[in-house]
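Residue numbers (the numbering used here), protein chains in the order written: chain R, 1 to 626; chain C, 1 to 149.
To be clear, the hints were calculated from the coordinates, so they are not data collected in a lab.
Backbone N, C-alpha and C fix where the C-beta goes; we use that ideal spot for every residue, glycine too.
Just to be clear, a hint being listed does not mean it is correct.
[Claimed, not checked] Coverage of chain R stretches by chain C, computed from C-beta distances (three or more under 8 Å per stretch; other residues unrestricted): (1) 61 to 72; (2) 129 to 138; (3) 596 to 602.
[Unchecked claim] With a cut-off of at most 30 Å between alpha-carbon atoms, the simulated BS3-like pairs for lysine-lysine come out as follows: (4) Lys564/R / Lys140/C; (5) Lys146/C / Lys268/R; (6) Lys11/C / Lys470/R; (7) Lys146/C / Lys596/R; (8) Lys484/R / Lys99/C; (9) Lys40/C / Lys294/R; (10) Lys555/R / Lys140/C; (11) Lys146/C / Lys294/R.
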Amino acid sequence: MNKLKNKITLAKNKWKDLEDNKIPIIFVGAASCGRAAGALELMPEIEKFIGEHNINAEILQVGCIGPCYLEPLVDIKMPGQPRISYSNVNAKVLSNILKSHLLDGIPYTRAAIGNFSKNTFMDIPPLFEHPMLKPQVRIVLRNCGIINPEDIDHYLATDGYQGFMNALTKTPEEVIGIVRQAGLRGRGGAGFPTYKKWTVCRNAPGDEKYLICNADEGDPGAFMNRSLIESDPHAVLEGMLIAGYAIGANKGIVYIRAEYPLAIERLKKAISQMREYGLLGKNILKSNFSFDIKIKEGAGAFVCGEETALIASIEGKRGMPRSRPPFPAISGLFGCPTIINNVETLGTLPNILRNGADWYNRFGKEGNRGTKTFSLVGKIRRSGLIEVQLGTTLREIIFDIGGGVQKNFKAIQTGGPSGGCLSEEFLDLPVDYESLAAAGSIMGSGGLIVMDEDTCVVDVAKYFLDFTQKESCGKCIPCRVGTKHMVEILDRITKGEGNTEDLLTLRNLGDTIKKGALCGLGQTAPNPVLTTLRYFRNEYLEHIKEGRCRAVVCKSLIEYRVIKEKCTGCQSCVRVCPTGAISGPRSEPHNLDPTKCIKCRSCYEICRFDAIAGDAIVIRTAEKRS
Amino acid sequence: MSDTIDLIFEKYERAQDQLIPILQEVQRQYGYVSPEAVKKISRYLKITENQIYGVSSFYAQFRFSAPGRHSIRVCLGTACHVRGGATLLEMLERELDIKCGDTTSDKRFDLDRVACLGCCALSPVVQIDKDIYSRMTVTKLAELLKSYE
């Protein structure tokens, strides 16, 4: 313990040096999303600038603070000034920022979105007053984008591993009691009380027990877990120590998607730092608790997010679920009692153990305590990773935090492919486990996909079902055959070949699959179809009866046209058309032959961005069928 | 091959739970899981080739034919779908004249879909080798392909 205390003192000093910096520090947001937006290309530019001007400065890579729509983000902290955050930084903006801020010491206000202090600094408002960040309550994400995720000292300096040290001063039963009082429920989607699962495992006979961190974040459109691991891996690992201590496990496994290479790399680094600091191994901090953590990479199967399938996968088998009981808490990995907790559940634990159950009870509402992270994406103005108290309404999330929708709001999908599509009338629904379930959706792991009038709900329902159908492991008939039938029917409808009876068949099939499927994948797969049938029936009927897709999405029901009056005959579209469907001499309105058109969108894009007219090509849904 | 694959085996115990990590390592080194590799793994782990194919074909990660010089992965996650990911895949299938999952005859590209890359806020995204390209359009993508040999 003393050795670690020394390390903490050193870490705090190191952090203080960072806050009272003598030389400029440049922070580059370099989680996967920042990298996709081009953050890494900025690094050599910064190094070059520093070299050319002979500036002594430090460059740090940090994680993701959340507002992905502003990526890449670069922060600069000059000595004696607060840290200033710049958004949408490209090479040109970067050079202006560096010249102004690094050379002259004057923040480049035009690209600045906020400063890290509580007050306005040189006309730059506090970052956490930003409309996207202000309504959030950041507990799990508290360090994300702020500390260097590859430096355990940064985590220690911000009270890291304090929760685990508190846990060690208590009995495992007391730790379970605190988690019970805190009211923490599983953040993987189902919302099962964490303490209940733990108690079963704690009391299960057997010397060998396992704790598995489920980082198989398979929901398309969800990236909360990736972001947390990339930005603050130690928070999740500390949570594993606490959970392992509580249930009496001494082996921990992180089961993580192979599609997340950066997250895996950061976990590996973090685990080796833990070893170095004596936070893993035998008799950790001179206690009786021994624990070690291994990483297992998933191999790309959505169903492996299901507990029993995940266990089969770790055992080296096909990732197929089995019927329960016995529950994994009694007989799981290699037949031993096993607890599987989601990344976010584990990331919450250090905060609860550090600050106490009463503190955690201040957030959320009765029965739904604490906060939940969401990835807010789709047709939303401010997309990104957010964390709000449970019980926040969808309206607050979409309009206050997300800044509203680009066009008219149509629907929001909660819970990914297992969730439901909710219409405008549900905007005031509080986001908690029970309210979402009552509306026919689920909380799920936290993907929120916003749709506007340009999104076709029938197409989205087909998309989700097609996804679950492809990911169905094939073990039980309702899921294997039922989802296939549903996809076929939906495909017919989106082609304008459906009939009204199809809607009844879809509902019957959906209800049967929900009741009959073996695991959560099948039981929730029909949700997107059932909810859209309930809340957007008219759109289904339009596809069926009128052969129209009002969102202009379903390919069989749309056509491309040239507006002759607008076309300047610039030939841009003629050049990009892959099938020669567009013809016409220069300077004269072009012709588009619908029999040759494959609706590839090339002409539409080129007309909007490169052509002289700008909007001469339109996509329209078919005329009403007579 | 036999030398290097034996080197891989040295790192793993002879136990079924090592099968997926071994397959992953084989694919990392050779780009795919070849019939010869399956034979050798079968002998090493003392499980049948059928079992190995059963497990490996269950997971999307494993491929059984040699990849191209560059691997294109079109993200078809929800956010990418809503913003036109499928149109990008169709365009690639047409331009490269292959189906999703195949490799071009000149071995320049292999093409596949991926469920989600987790960059949803920057959708639609396409991954070529290790680089992720955000906010793609068919025209930008056509330009981008030219920079890969």
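So which hints don't hold here, by number, going up? Structure breaks hints 2, 5, 6, 11.
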